[in-house]
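Visitor: With the hints in hand, could you dock these two chains into one complex?
Chains B and H are the protein sequences, given in the same order.
Quick note on numbering that gives the first Met the number 0: the first sequence kicks off at 0 and runs consecutively.
Quick note on numbering that gives the first Met the number 0: the second sequence kicks off at 0 and runs consecutively.
Some hints here could point you the wrong way.
[Claimed, not checked] Output of the computed footprint for chain H on chain B, the stretches with three or more beta carbons under 8 angstroms from beta carbons of chain H:
#	segment
1	72 to 78
2	91 to 99
3	113 to 124
4	138 to 144
Just so you know, these hints were derived from the structure itself, not from any lab.
We treat Cβ as the ideally placed atom computed from N, Cα and C, and that holds for glycine.
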Amino acid sequence: MMTDTAPPTQPNDAEKTPRQRWMAVLARAGAEAIAARLRRAEAIPEWRRLRGPDTGLVMLRGRSGGGGASFNLGEMTVTRCTLRLASGLVGHATVAGRNLRHAELAALADALLQDPARQDALLADLIAPLAAAQQVQRQALAARAAATRVQFFALQTMRT
Amino acid sequence: MAYVAVKGGEQAIAAAHAWRAEARRGDPAVSKLEPAQIEGQLGRAVERVMAEGSLYDRGLAALAIAQAEGDLIEAAFLLRAYRTTLPRFGVSLPLDTTAMAIQRRISAVFKDLPGGQVLGPTTDYTHRLIDFALPAQDLPPAAPMAEPDPAPMPRVADLLAAEGLIRPDPADAGEPADLTRAPPALPLPRAARLQGLARGDEGFLLGMGYSTQRGYGGSHPFAGEIRMGAVSVEIIPDELGFAIDIGDVVLTECQMVNQFHGTKTEPARFTTGYGLAFGQADRRAMSMALVDRALQAGDLGEDVTAPAQDAEFVLSHADNIEATGFVEHLKLPHYVDFQSEIEAVRRLHAQARAHAEAEAAE
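Isolated chain H (complex conformation) (with noise of 0.2 angstroms):
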């Protein structure tokens, strides 16, 4: 059916507008909220929409969910949005994640490990109850410090690497495949999938993750390796033709650890899922990496049963911009539409009451 434009209502938009507006802006009698504040004291926020909005920059981040009255998922696609408008001026080297400066590093199956457990700024340990005292405490008590221990902390992954117990992830297979320039062909490479999982809601990757470990394509992870801290962003410019550092991305990488039974062709050894998500977010990244893994079913030969392990079905609906767009517009007029629904429906009906009558006449 083809949509056939509406107009009308310009005064009715502009009249929601204004008022969206002034509900934004809350009680005139509490203080504005700035974005700087947002920037600084919801880091979380901030982090998950770069990571769905697929843009690294905190202060355009915390500007998206002032603008956003907090929706987390608007924020994110007023990002996408402003992303469009920019030129991309290249692609970043890999980052390295083995020279990260670490702020937390820990590891759930092995408790001493070169460069031990770092806990970072966590909320593991806390009792989940509602500080009642937040709101009167202005500067909390500085954190202590210690001397830093200044050997290397290897990745987990690479310490199983080292000792041919774990299944070695392909190395370079060249350009890796971009969703953001060329629709995805499937079956998606794994670099699609990735990219798909990193920009991909955090409930949906949460749920998903959830649903392996409930047994739809479970693998029984265990998490290998949970770090974070800031990596070095380096570009090789055109008119330099050499690698220059431009700055520092604060990332989270989780590497799950999963039994593998081998193969024909294979041995037993473990395999890895992988997440890596901008910010600090535990969550983000164990649940990318869980879906990571399940993804890799078919690649590895196991059965593809699960919701979860099917790349079309996760990552066609991974993407909250996508899914938001869809679903909500829906509330956008369908009256046309509607229209040719509602006269068949009467048709039928009419025709099922004539027919309905010459039986009652004979």
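If we strip away everything but chain B, and leave its shape as in the complex, we get (with noise of 0.2 angstroms):
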């Protein structure tokens, strides 16, 4: 199997740190629901933008077979924000698509989460519940999905 061979590329959940966990719950998450929870906060503290928010592209890369040698599908609009709070924290996100706000909010909220006297209450009241609702999102295309996967019979045949 080629994937045995192939460079390490995407670590298991279980592999990564809470920032990727975070960022990549984040990066889900809608700039409405990032905001109304970050609103909840206690006072969010000046921030100033060190890049961006603007919004590029990324060339996605598949693997020739699903596990061979990478090649260039195409790309994808993508935003990212990079910024400093005031305490010297520095908060970045790329998130998928072109909603610039979506990017600050994140970066924003990947700056606050770093503060450790703030971590424990954002990863309970921002990340937990936003991981939540993408999960019972996924179930509900994974339950979808399992009602349509074929059960095989045996048939009669007409000898019997």
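Guide: Now the structure itself:
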């Protein structure tokens, strides 16, 4: 199986750092959902944009045969933002799509989540509910797919 | 022949565009078509435009379809033009289709395989009868749900590879060619061919793939597996230096399995053709896989006799943006070119007449 010889690329969820996990959740959340939950967070400090938010492209790569040498499949739009809190913590986000506000709010949340004094509260009040909502969506698709799984049964022949 | 700029016609062009805009809107008594409706309800068109426009952005593709009045090649052209205005931030890590959140997964070669046959939201078993009740229907009944099987769904190609029955795809060969950055040099490496096919015109890919089935470079394909679902996209931003997950793209992957009789140096094994397409796109992914396999003829030491096996022919004509540009440029003014041609023909006529008169006089 060729994936054995390919360089390691996608860490399993278990292999991800906490920061990688919250960034993945923020990337899939809507700007409004992040904003609504950040509004409830305690005193958001001032921040300064270091780069962006700006929209650009990422070239998506596939693998020939699914596991062989990589090839360029086509591009996607992404939006990125890097910002710094007054405390000096730097947050970053790159998210699929063209929503500038989404990238900035995700970068802000990323910076705040790196503050040990805030991390637990934000993981519980911001990340956990967003992750749960995303999991519900994934489960709903998986459940619809499961209902279309073919259950084979033996056909009786005419000769019986 | 040098092209001589033609001035004039500005007013006519402005009037033509105004008329086009009015026609695009259609009957004002009928409500305007919103891009969100196209995005949500014309998903297959959106995905085709993303594939041929080579840009994954559903909202943008929907807007392009609205602007192009449903002309999907024109819409893909709009996406291609838009992408040239954006900087490229980087490349993704190779997408891991084994980790796909499966919505559909079928195999035509194994009935019972780990994870089973999952039809997904397919039209495969419909009767293709026009549904006259559709306009009256608002919300369809909810699709049934069942408990998902947590068992992994290995790719069929990997199952065959584990038994050594399949010719492995060569592993990473460094930076893959990029048709958007450098004009491809012949012979095209497989990475360049796959990129060209991935953004090729679906009708062209379908016709080329069909030609291999009808005997023009045939290799007796089986649909080893078709799977569709969301795959997460990971990039390594410069400022972080580690991989981050930036969201999902929905892809259809097709693995065609073909006979291969072996050569002096290689045992008889199956070979594969590979298709990967944006969105739910069985036809595109299958056609791409057929053509990818045909284009491996040279690499596999097979005779190259058919159009679908000729990389230069296939990849030079698969791109509908390039093709439409060259075909449709014929309607732009060619007055000077034609003037030179018509003068040449008139001269020949005059010479022939003079010759005939001279002969008659003798």
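Visitor: Does each hint fit the structure? Answer for all of them.
Guide: Here is what the structure says about each hint:
1. For the segment 72 to 78 of chain B, the assignment as covered by chain H holds, since 6 residues bring a beta-carbon within under 8 angstroms of that chain's beta-carbons and 3 suffice.
2. Check result for the segment 91 to 99 of chain B against chain H: holds, 6 residues qualifying (beta carbon to beta carbon below 8 angstroms, three or more required).
3. By the rule of at least three residues with a Cβ nearer than 8 angstroms to a Cβ of chain H, the coverage given for the segment 113 to 124 of chain B is violated, with 0 such residues.
4. Using a Cβ-Cβ cut-off of 8 angstroms, 7 residues of the segment 138 to 144 of chain B lie near chain H, which meets the minimum of three, so the contact claim holds.
Hint compliance for this structure: hint 3 is the single one not met.
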